[in-house]
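Chemist: Those sequence lines, one after another, are chains A and B. Number 110 in this note's numbering belongs to position 110 of the first sequence; there are no gaps in the numbering. To get this note's numbering, take the position in the second sequence, counting from 1, and add 112.
The hints are simulated quantities; they were obtained by calculation from the structure and are not laboratory data. Remember, predicted model here, so these are calculated numbers, not experimental data. Be aware that one or more of the hints could be misleading.
What the hints assert, rightly or not - A few chain B residues that face chain A, going by a derived Cβ cut-off under 8 angstroms, partial list only:
hint, residue
1, Val123
2, Leu158
3, Ala165
4, Gly217
Every residue gets a Cβ at the ideal spot worked out from N, C-alpha and C, and that includes glycine.
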Amino acid sequence: EAGVTQSPRYAVLQEGQAVSFWCDPISGHDTLYWYQQPRDQGPQLLVYFRDEAVIDNSQLPSDRFSAVRPKGTNSTLKIQSAKQGDTATYLCASSFSGWEQYFGPGTRLTVL
Amino acid sequence: GDSVTQTEGPVTLSEGTSLTVNCSYETKQYPTLFWYVQYPGEGPQLLFKVPKANEKGSNRGFEATYNKEATSFHLQKASVQESDSAVYYCALSDLGGSNAKLTFGKGTKLSVKS
Chain A
1 EAGVTQSPRY AVLQEGQAVS FWCDPISGHD TLYWYQQPRD QGPQLLVYFR DEAVIDNSQL
61 PSDRFSAVRP KGTNSTLKIQ SAKQGDTATY LCASSFSGWE QYFGPGTRLT VL
Chain B
113 GDSVTQTEGP VTLSEGTSLT VNCSYETKQY PTLFWYVQYP GEGPQLLFKV PKANEKGSNR
173 GFEATYNKEA TSFHLQKASV QESDSAVYYC ALSDLGGSNA KLTFGKGTKL SVKS
């Protein structure tokens, strides 16, 4: 069974540029999560979906970050105008009905 | 909100010695507690979870007991191996047995020398 896949694996931007991260969850998993993991920190939840619906986006900086999961399968996280403080690894995870979460390898973002 | 505090790293041990990583938590709910492990270039993976107070979880020689009175969930291993080198995270979910929303600690980096 394929795990959670993410792309790209790395991204380097200048401040003010936009970037999108893509996530393909495990087949059949209805719940999808995006986490931000700054260097030497634990993952911090940004947003999560049950099917195509956003369940909790309270930690998503809504002025610059957006996330969608239009068909309840793949998901895209976008940063509209990146800042140096956004430098982190962005992790996607999926689960079946909120049970064990399986994480992808992450996208390591550096904002110069 | 929920919070998790764990031993600050890095921790360096020799093979065959014992490990304890302290974890304490704060929540107003009845949490399920987890230990995750993360290897370089990978996402975290579940080591084990314990949904009920006063129960023990274990996997690969690691174990932890959910102590509700002390709000603690310390990770232990009697004899570490070089392959145990990784970052360990304590985490909680406040939705009963469902881990819909996880709160992680900052992580403890373990290096084991042969």
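Chemist: Taking the hints in turn, state whether each one holds.
Modeler: Hints, one by one, checked against the model:
{"no.": "1", "hint": "Val123", "result": "14 angstroms, violated"}
{"no.": "2", "hint": "Leu158", "result": "6 angstroms, holds"}
{"no.": "3", "hint": "Ala165", "result": "20 angstroms, violated"}
{"no.": "4", "hint": "Gly217", "result": "5 angstroms, holds"}
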